[in-house]
Amino acid sequence: MSQDVPEATSQAERSDHSPWNWLLLLPLLATLIPPLYNRVSPELFDIPFFYWYQLAAIAIGVISTIIVYRMTRS
Amino acid sequence: MFDNVDAVQITVFTILFVAVSVLGFVAARWRRAEDLEHLDEWGLGGRNFGSWVTWFLIGGDLYTAYTFVAVPALVFGAGAIGFFAVPYTIVVYPMVFLVLIRLWSVSHVHGFVTPADFVRARHGSSTLALLVAITGIVATMPYIALQLVGIEAVLKAMGVTGHLPIVVAFAILAAYTYNSGLRAPALIAFVKDTLIYLVIIVAVIVIPYKLGGWDAIFGAAEAKFAASPNPGDGLILAGPAQLQYATLAFGSALALFLYPHSITGVLASRDRNVIKRNMAALPAYSFILGLLALLGYMAIKAGVVPIGADPEAGEPGDGNTIVPVLFDQMFPSWFSGVAMAAIGIGALVPAAIMSIAAANLWTRNIYVEYINKDATPKQEAQSSKLASLVVKVGALLAILGLDPQFSIDLQLIGGIIILQTLPAVALGLYTRWFHRWGLIAGWAAGMAFGFWATYQIPKVSFSPEGEPVIVKEHFGGSGLALSELGFDTTVSIYAGFLALIVNLVVCGLATWAFRAMNVPDGEDVTKTSEYFADQDDPRLRDLPEVVH
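Line by line, the protein sequences give chains E and D.
Under this note's numbering, the first residue of the first sequence is numbered 1, with each subsequent residue one higher.
Under this note's numbering, the first residue of the second sequence is numbered 1, with each subsequent residue one higher.
Don't take every hint at face value.
[What the hints assert, rightly or not] Each pair of labels, with its calculated beta carbon distance range: (1) E:P35 <-> D:D215: 47 to 57 Å; (2) E:D16 <-> D:L389: 48 to 58 Å; (3) E:A59 <-> D:V206: 20 to 30 Å; (4) D:G394 <-> E:P42: 29 to 39 Å; (5) E:W22 <-> D:A226: 39 to 49 Å; (6) E:I63 <-> D:V390: 24 to 34 Å; (7) D:A216 <-> E:P42: 43 to 53 Å; (8) E:L44 <-> D:L427: 21 to 31 Å; (9) E:A56 <-> D:D374: 54 to 64 Å; (10) D:G486 <-> E:D16: 15 to 25 Å; (11) D:V525 <-> E:V40: 49 to 59 Å; (12) E:A56 <-> D:L389: 18 to 28 Å; (13) E:I63 <-> D:G50: 44 to 54 Å; (14) E:W22 <-> D:A7: 29 to 39 Å.
Just so you know, the hints here were simulated from the structure itself, not pulled from any lab data.
Yeah, the Cβ is synthetic: ideal placement off N, Cα and C, and Gly gets one too.
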C-alpha cells in the first residue's frame with residue numbers, strides 16, 4: 001500500500017480478503033440444494049422437516065455471518 | 001363505504017395509523033440537520049445511522065406489507081413453493097456481506113447517492129448510468145403500487161371499501177415523506193417492526209393452540225393439497241419444482257440489494273461495521289417471515305375464505321386477504337386492530353423509502369445529468385422532494401385506474417429487470433474487465449430475454465378432473481418450463497436467473513468484440529484503495545459534491 005492510504009483502510013483491505021470470508025458460502029450450500037431437505041420426516045413438534053430445517057438454517061446463516069464479522073473486524 | 005365494520009377494531013387501527021403519521025412529521029426534527037435542503041440529509045438521513053436505526057430501517061424496508069400478505073397467500077394456495085422466501089432471505093445476507101461494504105466505501109469517498117452514480121463514475125458511461133437509473137425506477141414503481149395492495153387487503157378485511165381511505169392514507173404518507181425525507185420511514189420503522197414482531201409472535205402461539213396444534217394444521221393442509229387437482233402443490237416440493245425453488249431463492253437474493261431502495265438503506269449507515277453487524281442481525285426478520293408463511297397453513301385449517309371468493313362459481317377471490325381475515329377470525333377486536341395496523345403501517349415504510357430512492361435516481365441521473373447540469377444541492381433536494389410526490393401519485397393512479405393485476409405483473413418482471421443491472425453494479429465493484437458497451441449489450445439482451453420468457457409463462461389452474469386450464473395467457477408467473485426452450489423435461493426454472501445468464505454471456509462476448517475493434521474504454525474515476533475506505537478516512541467528504 002502506498003503511504004497516503006490511512007491505516008484503517010489497509011486493515012479493511014486485509015479483512016476483505018480474509019480466508020474466514022469463505023464461511024459465508026456455508027448458508028448457501030445449506031439452503032440452495034432442495035433435495036437435502038425436501039421431505040416430511042423427521043418431524044419436530046409435528047412440523048415437517050422441510051419447514052423446521054429451513055427455519056433452523058436461519059441460525060446457520062446468522063452464526064456464519066457473526067463468525068466472519070468477529071474474525072475480520074478491525 | 002363501511003359495511004360490517006367492527007368499531008373497536010377500526011378505532012385501534014385508526015389511532016395507530018394517526019400516531020405514526022404524527023411521528024412522520026416530527027421526524028424532520030429527529031437527529032436534526034442544519035439544513036434539510038441537501039440530498040444527503042433529505043435522501044439519506046445524514047448518512048449517519050447507527051446499527052439499531054439501520055436494522056429497523058432496512059428491515060422495515062425489505063420486509064414489506066405486500067410480502068406479509070403475498071407470501072402466506074402463496075403458501076395457502078400452493079404450499080411448499082411459497083416457502084422460498086425463507087431460503088431467499090437466508091442466503092441474501094452472506095452473499096452481499098462483502099459486496100455492500102465495498103459499495104459503501106466507494107460511495108462515501110465520492111458522495112454517490114444512487115447505484116447509477118457509481119456506474120457513471122466506474123464505467124465512464126452516462127448512457128449505462130441512465131439505463132441503470134431507468135431500470136431502477138421502472139422496477140421500483142410497481143413495488144410502491146403493491147404496498148397499496150397490502151393496505152387495501154387490510155381495509156377489505158375490516159369491511160372498509162371504496163378508494164377514499166387509500167387516497168387519504170397515501171396523501172398523508174406523501175406529505176410527511178416530502179417534509180422529513182428518509183428520517184420519516186426510519187422513525188416509523190421502529191413502530192412498524194415492533195408491532196409486526198408482537199403480532200407474529202402472538203399469532204404463532206395463539207392460533208395453533210386454538211386450531212388444535214401443528215399436527216392438525218399440517219394435516220388440514222395435506223388434505224387440501226391431496227384433494228386439489230393441481231400436481232404442483234403440496235407440503236413438500238414436487239420433483240420438477242426443486243430447481244425453480246432454488247433458482248427463485250437465489251435469483252431473488254441476487255436482485256434484492258440491486259433495488260434502489262435497499263441501497264438507500266445501506267448508504268444511509270454510518271460505517272462499514274454497521275453494515276456488517278446488520279448482515280448478521282437482519283435474519284431475525286427472516287425468522288418472522290418464515291413463521292408468517294406458516295400462517296397460510298393456519299388459514300387452511302381455520303377454513304378461511306378469501307374475500308370475494310365464490311367456491312361454487314370457481315371464483316378464487318383476493319388471496320391477499322387471507323392473513324387479515326385469519327387475524328379477524330382468531331383475535332379479539334382490539335388485537336386484530338393492532339394486527340391490521342401492523343400490516344398497514346408495514347406498507348408505509350417501504351413505500352416511503354422506495355419513493356425516495358426512485359426520486360434520487362431521477363434527480364441524480366436524469367435531472368442533474370441532462371436537465372440542470374449546474375444544480376445546487378438545494379435544487380437537487382427540491383427536485384427529489386417533488387419527484388417523490390410524482391412517484392406516489394403515479395403508484396396511486398396505477399392501482400386505482402388500472403387493474404391491480406397490472407402492478408403485480410410489473411412487480412414480477414421488476415425482479416427480473418433489476419437483476420440485469422448486476423454486471424454493471426455488483427460485478428463492477430470488483431472488476432473493470434467488462435467494456436461499457438458490452439455491459440449495455442448484456443443489459444439489452446437480458447431485458448429482452450426476461451420479457452420474452454415471462455410473456456411465455458401462462459397461469460394455469462386445474463379442472464376437478466386434473467386437466468390443466470389456462471386462466472391467463474401471459475405473465476402468469478416467473479417459473480419458465482425448460483420445455484419452452486426445447487428441452488425434453490418437465491423441470492422449470494426462475495426466468496430471471498436464465499435472463500441473467502444470457503446477460504452475462506452477451507456481456508462477455510460483446511466485451512471481447514469491442515476490445516477487438518479497439519472501441520475505447522470509459523474512464524474510471526475510482527481508485528482501488530477507495531473500495532476499502534472507512535469512516536475515519538479523511539477522503540470521506542462531509543458534503544459530497546456532484547460527481548461529473
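To see whether the hints hold, each was checked on the structure:
1. E:P35 <-> D:D215: 47 to 57 Å: Given a distance of about 26 Å, which is not inside 47 to 57 Å, the answer is violated.
2. E:D16 <-> D:L389: 48 to 58 Å: This hint is violated: roughly 40 Å between Cβ atoms.
3. E:A59 <-> D:V206: 20 to 30 Å: holds, 24 Å
4. D:G394 <-> E:P42: 29 to 39 Å: violated, 51 Å
5. E:W22 <-> D:A226: 39 to 49 Å: Given a distance of about 43 Å, which is inside 39 to 49 Å, the answer is holds.
6. E:I63 <-> D:V390: 24 to 34 Å: Once the Cβ atoms are compared, 45 Å apart, the range 24 to 34 Å for V390 (chain D) and I63 (chain E) is violated.
7. D:A216 <-> E:P42: 43 to 53 Å: Violated - the Cβ-Cβ distance for A216 (chain D) and P42 (chain E), about 19 Å, lies outside 43 to 53 Å.
8. E:L44 <-> D:L427: 21 to 31 Å: violated, 40 Å
9. E:A56 <-> D:D374: 54 to 64 Å: Holds, at about 56 Å.
10. D:G486 <-> E:D16: 15 to 25 Å: Given about 43 Å between the Cβ atoms, the range is violated.
11. D:V525 <-> E:V40: 49 to 59 Å: holds, 56 Å
12. E:A56 <-> D:L389: 18 to 28 Å: Hint violated: Cβ distance 45 Å, outside 18 to 28 Å.
13. E:I63 <-> D:G50: 44 to 54 Å: violated, 23 Å
14. E:W22 <-> D:A7: 29 to 39 Å: Violated, since W22 (chain E) and A7 (chain D) (Cβ atoms, about 58 Å apart) do not stay within the stated range.
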